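So the sequences go chain by chain: A and B. Position one of the first sequence corresponds to residue 227 (my numbering), numbered consecutively onward. Position one of the second sequence corresponds to residue 22 (my numbering), numbered consecutively onward.
Mixed in with the good hints there might be a few duds.
Said to hold, decoys possible - To give an idea of the interface, some chain B residues facing chain A are shown, with a C-beta separation under 10 Å as derived from the structure:
#1 Leu29
#2 Ser72
#3 Trp85
#4 Trp94
#5 Met109
#6 Ile252
Unchecked claim - Here are the simulated distance ranges between beta carbons:
#7 A/Ala269 / B/Ser197: 32 to 42 Å
#8 B/Ala201 / A/Arg616: 48 to 58 Å
#9 A/Ile603 / B/Gln294: 53 to 63 Å
#10 B/His190 / A/Gln406: 52 to 62 Å
Since the hints were derived computationally from the structure, they do not count as laboratory data. Small disclaimer: the values here were computed from a predicted structure and weren't measured. Yeah, the Cβ is synthetic: ideal placement off N, Cα and C, and Gly gets one too.
Now for the letters of each chain:
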Amino acid sequence: MPQMLEGSQAIARAVALCRPQVVAAYPITPQTHIVENISKLVADGKLHCELISVESEFSAASVALGAAAAGSRAYTASSSQGILLMCEVLYNIAGLRIPLVMTCANRAVGAPLSIWNDQQDSMAVRDAGWIQLYCSDNQEAVDATIQAYRIAERTELPVMVCVDGFVLTHTLEAIEMPNQEQADSFLPPYNFARALNPQHPTSIGTLVSPDFFPEVRHSHHQALLNAKAEIIAADQDWAKITGRSGGGLLSVEGDPDAKVGILSIGSVVGTLRDAISEFPESGPAKLIKLRSFRPFPSEALLEACAGLTELVVLERALSPGSGGIIGTEVRAALAGVEGAPRIHNFAVGLGGRDIPLDIYPRLMEAVKSPSPATFAIFDVNLEKLPEADR
Amino acid sequence: MNEISIPLSELRRKQPRFAGLESGHRACLGCGQALAARLVTEAAGPDVMISNATGCLEVFTTPWPESAWRLPWMHSLFENAAAIASGMEAAMKAQGKSTKVIAMGGDGSTFDIGFQALSGMLERNHNVLYVCYDNEAYMNTGIQRSSSTPHAAATTTSPVGKERMGKRHLKKDIISIIAAHHVAYAATASVAYPSDIRKKVRRAMAIEGASFLQIHAPCPLGWGHDGAVSIEVARLAVQTGLFPLIELERGELTGAMPLRTPKPVAEYLKAQQRFGHLFKDDPRALEELEHLQAIANHHIEIYGLRGDGVDSYDSEGADTVRRGGIRWA
Numbered sequence: 227m228p229q230m231l232e233g234s235q236a237i238a239r240a241v242a243l244c245r246p247q248v249v250a251a252y253p254i255t256p257q258t259h260i261v262e263n264i265s266k267l268v269a270d271g272k273l274h275c276e277l278i279s280v281e282s283e284f285s286a287a288s289v290a291l292g293a294a295a296a297g298s299r300a301y302t303a304s305s306s307q308g309i310l311l312m313c314e315v316l317y318n319i320a321g322l323r324i325p326l327v328m329t330c331a332n333r334a335v336g337a338p339l340s341i342w343n344d345q346q347d348s349m350a351v352r353d354a355g356w357i358q359l360y361c362s363d364n365q366e367a368v369d370a371t372i373q374a375y376r377i378a379e380r381t382e383l384p385v386m387v388c389v390d391g392f393v394l395t396h397t398l399e400a401i402e403m404p405n406q407e408q409a410d411s412f413l414p415p416y417n418f419a420r421a422l423n424p425q426h427p428t429s430i431g432t433l434v435s436p437d438f439f440p441e442v443r444h445s446h447h448q449a450l451l452n453a454k455a456e457i458i459a460a461d462q463d464w465a466k467i468t469g470r471s472g473g474g475l476l477s478v479e480g481d482p483d484a485k486v487g488i489l490s491i492g493s494v495v496g497t498l499r500d501a502i503s504e505f506p507e508s509g510p511a512k513l514i515k516l517r518s519f520r521p522f523p524s525e526a527l528l529e530a531c532a533g534l535t536e537l538v539v540l541e542r543a544l545s546p547g548s549g550g551i552i553g554t555e556v557r558a559a560l561a562g563v564e565g566a567p568r569i570h571n572f573a574v575g576l577g578g579r580d581i582p583l584d585i586y587p588r589l590m591e592a593v594k595s596p597s598p599a600t601f602a603i604f605d606v607n608l609e610k611l612p613e614a615d616r
Numbered sequence: 022m023n024e025i026s027i028p029l030s031e032l033r034r035k036q037p038r039f040a041g042l043e044s045g046h047r048a049c050l051g052c053g054q055a056l057a058a059r060l061v062t063e064a065a066g067p068d069v070m071i072s073n074a075t076g077c078l079e080v081f082t083t084p085w086p087e088s089a090w091r092l093p094w095m096h097s098l099f100e101n102a103a104a105i106a107s108g109m110e111a112a113m114k115a116q117g118k119s120t121k122v123i124a125m126g127g128d129g130s131t132f133d134i135g136f137q138a139l140s141g142m143l144e145r146n147h148n149v150l151y152v153c154y155d156n157e158a159y160m161n162t163g164i165q166r167s168s169s170t171p172h173a174a175a176t177t178t179s180p181v182g183k184e185r186m187g188k189r190h191l192k193k194d195i196i197s198i199i200a201a202h203h204v205a206y207a208a209t210a211s212v213a214y215p216s217d218i219r220k221k222v223r224r225a226m227a228i229e230g231a232s233f234l235q236i237h238a239p240c241p242l243g244w245g246h247d248g249a250v251s252i253e254v255a256r257l258a259v260q261t262g263l264f265p266l267i268e269l270e271r272g273e274l275t276g277a278m279p280l281r282t283p284k285p286v287a288e289y290l291k292a293q294q295r296f297g298h299l300f301k302d303d304p305r306a307l308e309e310l311e312h313l314q315a316i317a318n319h320h321i322e323i324y325g326l327r328g329d330g331v332d333s334y335d336s337e338g339a340d341t342v343r344r345g346g347i348r349w350a
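Isolated chain B (complex conformation) (with noise of 0.2 Å):
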């Protein structure tokens, strides 16, 4: 194991290089959350402390007696992240210390098992940023449907037949919900948009209280893409407008990253396995395609995504990426 022995202040100074999570872990290639929690660590620096709830991620990077964290890390449970966050918070004000608490969880520990300890941390108001790693389904147990699986989505519990065209249920809107506990900041980021992960966790490190995180992550085994198309398939979602990305404080919506000219969702299904069957020769494929565009066009609608000419706000999205990106926000 590691171990850090130089000043805080010193490690705060080298904090662009800081790596929270190391290399040498055992995540699959193309990995979305591995890509992710890495970008989360390295824009919260040293000073701080992890509650990881059970999934891939607290498999892939602590296998006894190795470990890929160089952050004080605990694993306790599947459905108390938040919970331990929360004593740990505690603790560090019992203490008198700054250090912040992160809690990190997939979608199934966050929109689902471990939701009501995510609640209560909220309505409390911890000192705590919650991360959710969102690759739509419970991917660690083997790809069943979660709360969080979007609509017409096969995963081996909502597979495709004769009287099922995928799950039928909506994903849930977590970030309304978490954005109704008022909390000062919640927003929604995409792996695709390194840059934006970064400003986005700097924004809450700075904040006293609860915030949280949403990071769209894609899982090239659950959603049947190659690992070295991750990024493009992440990239679709936003610019589809099925997964905005946005900002709320307080409950308000204060940012969201236009988009142009937004792409048919039929671009980033097709890039799928999950959503293969809504390419097939079937007559509810193509009612499903529908409601697929109609979801997009609500978020497009709702958060206003659609702009037009030149926008002040687009400096770290899309078109930025598009134009090679910049290294630090």
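Just chain A, same shape as in the assembly (with noise of 0.2 Å):
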């Protein structure tokens, strides 16, 4: 029976489903109703958890960490800022190979200061090593949060779910919830092997000289790679159990034989569906939704191109002086590859901009031209800027 539930307070039940036994957390907007409702859940006896209310998101990191190689299940989450300055920690969870989950409500990074949704959050800190699992609607937000755990305290690596700020976050949507005994019957209680223990104590953070260094890293990269498998594992499993699937690694749908193709990331594919089905004159697209950004899906990806002649990408970050981040991943991933597409790469929907849904028609339009966009921010208008900056 689906119900209607804000974006954070589904997220919040779906932690609650989990039985973590830390949240550790720091208020930045839009991640706060998240954490609001989760304090809701403690305050009235349905959550058994220790709640720490932080005094900065590194420390929120921090808790969740020194948490979970302790030997507890433990969630944190946050946004923007609150992510760079995470960062460090961010890095340090996942060389320490220590299980947990967060949320990333994704929004723009300052400056200037934005409160809006982007991915330029997450997408600064993709080479922690950690899982990133990006949502298009807040039912895979939630069926998200429950696999990130089984994926996380399998492969000993964290996981972070990526939801798009306010677009998901503080939107309502009608949600089927799990019940507890799906979770339990999907998520098995929190068994850390190298939980600090001082029946058996054990040194974890050691200093690594390079004899050693390079190796580790080897492992963490494999980790990484091998998670797939994972990742592919846990969406069918949690399938079986409830009838949905959050599209594992990758996933494509719209019409198989069209030419041109469309992949995106997070709450974007939804817009993308509305906006094909309103411009049906302006041709089929095969729509293809990115799901797991790390591990990334290049086996996947290539499948999903096949038969494909252009290919656009649309993100919802930059790397300032090179150009679109998952674009030059994409790239990478089909160079040399015969029959390639060809690939046009945009940015939209940058510090909250509305993504009209005539974006459709126009990305149709501009696949038609000789030379493709390498990269451009979508929707810019130069008139605002002087001259010297168009």
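Taking the hints as your guide, dock the two standalone chains into a single complex.
The structure is reproduced here in structure tokens:
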């Protein structure tokens, strides 16, 4: 029976279904509603956990790390500047191979100050060694949160569930909430093999010399690559219980014979679904939803691109001085592949800029250009800028 | 890696002989921090979990694949030892376990970069003992000044020259700041007084809540003295009044080790190269010596250190050590 829930409220309930023992967080818009809802569940006695309201995001991530290393299931959430303040800890959590889950309520990174949605924050920490799953709607956010704990605990890798701020976190949606039995049958109690324990004292976080460092990095990289199978398995097993799949690493929808593909990530996918049905005269397109950005599903991407002549890559962040981040990785994955489509890379919806439905006919027009856009910020109005900056 | 497989109750019985930090680590000769860490872990016993900030202690005890620790130990970062400890403590609480969490860091991670996380941990009153090994500079990175470096001390970033006489600022009064959090117990100690360290660690271990211990720990390399005289140098810091040994409960002074006849600060300073410029023929040197003596006098005054006659509290202090000390407090 679907319930009308705000994204943050649904995510909080999903976290509670995972029975976290320690939750640590620091307030930042638009993450706040998630933690407020968790706090209320604790206050109402519906969730029994240690709720630690810390003095910074840096400590929020550190408290979660300390708790998970000491054998308790841990959770945190943040956004934007908070993700960047956590950055050093995020690398540390992943490098120590500590399984925990956090939600990133995606928001632009200042300056200029913006509280609105884009994905510059999670993209800024893409090399931290975390698994990153992106959700296209709130149902996916609920399901991915529960799946994330199983993936994290089986791979000993932390998982960041990325949910577009406001667009998803503050939006009401009809959601099928799983029940506790479903969650429990899917997610066994936390049992961290390397947990700190006075009966079996171990040292975690030692100094590693050049004799061992490359091997550690290799094993971390390999663990992320190997995690692809766990991400797919978690999604399939969850589908067996609930009938819902989040799309594994990457999923394809729309006309399978279309020559134009649009690859995107997060809530943009939902906008595109609507746009395609709104403008049938613009022709068919294959919609590729990238769910797992780390690990990056190169093989699945190649498969999804078979038969395409044009591929539009839409993303909500950029690497200034280079261009698109996902676009660059897609190019790398398709480099040298015979018959690979031309790639048109755009950043959309930066700092909460609305993504209008007519983006679809405009993109379908743009792909006809004889020279594809290497990278451009979509919808940028140059007239707002001084001549020298255009 | 060593594994303890006998029950905790048995280990507790053997507590005085328990060594949480084994020999064989790579600390320098005469390292005050290594000695202090051993004393703290001996007194704390085996039912303990450690969060260690980045610094010498972390580096010299755990060159992979070796570890000198016989306790569950984690190093995460420079500035989050107190937050990691908060998380460990929350986990112990969630699991219904009584294992005590001890956070450890040097003065850099405590006074400076980890200060915010420490304040947060104290404010939330986690059941954590935070131990600061205070060697008064960033020794692990090569003797740079910290906010704990004493006034006029020379470091690589507060060098002596035509325009400078070492560090221009005062040593941060960390213990007062900690006490202002109104934690149940905050104290200073010195490696020159091992039984006092043990007593204070046990006191802190018995408290359900946040406690803090600042241990003055010489760094022969950074202070410029022979490793063989670390204890003598540390003792002079106490005996001159420059490093008073005090206890504060809920922010109130409840104990201080008295000094019958405080020594002039020059005795402590001249034993170390970092203050060598204060004993050159330079009018500025005299002025700085006066400043440092004034700081010591101020400590003696505010903490009432000048005891007269027989002092019933002076059982484990300087006189005890002069008599040869007692092995276990």
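Okay, the hints, checked on the actual structure:
1. Leu29: holds (7 Å)
2. Ser72: OK, holds: B/Ser72 within 10 Å of chain A, min 6 Å.
3. Trp85: Since chain A brings a Cβ to about 4 Å from B/Trp85, closer than 10 Å, the hint holds.
4. Trp94: holds (5 Å)
5. Met109: It holds, given that the least Cβ distance between B/Met109 and chain A is near 4 Å, below 10 Å.
6. Ile252: violated (28 Å)
7. A/Ala269 / B/Ser197: 32 to 42 Å: For B/Ser197 against A/Ala269, whose Cβ atoms are near 36 Å apart, the range 32 to 42 Å holds.
8. B/Ala201 / A/Arg616: 48 to 58 Å: Distance hint for B/Ala201, A/Arg616 holds at roughly 55 Å.
9. A/Ile603 / B/Gln294: 53 to 63 Å: For B/Gln294 against A/Ile603, whose Cβ atoms are near 59 Å apart, the range 53 to 63 Å holds.
10. B/His190 / A/Gln406: 52 to 62 Å: holds (57 Å)
Of the hints listed earlier, the one the structure fails to meet is number 6.
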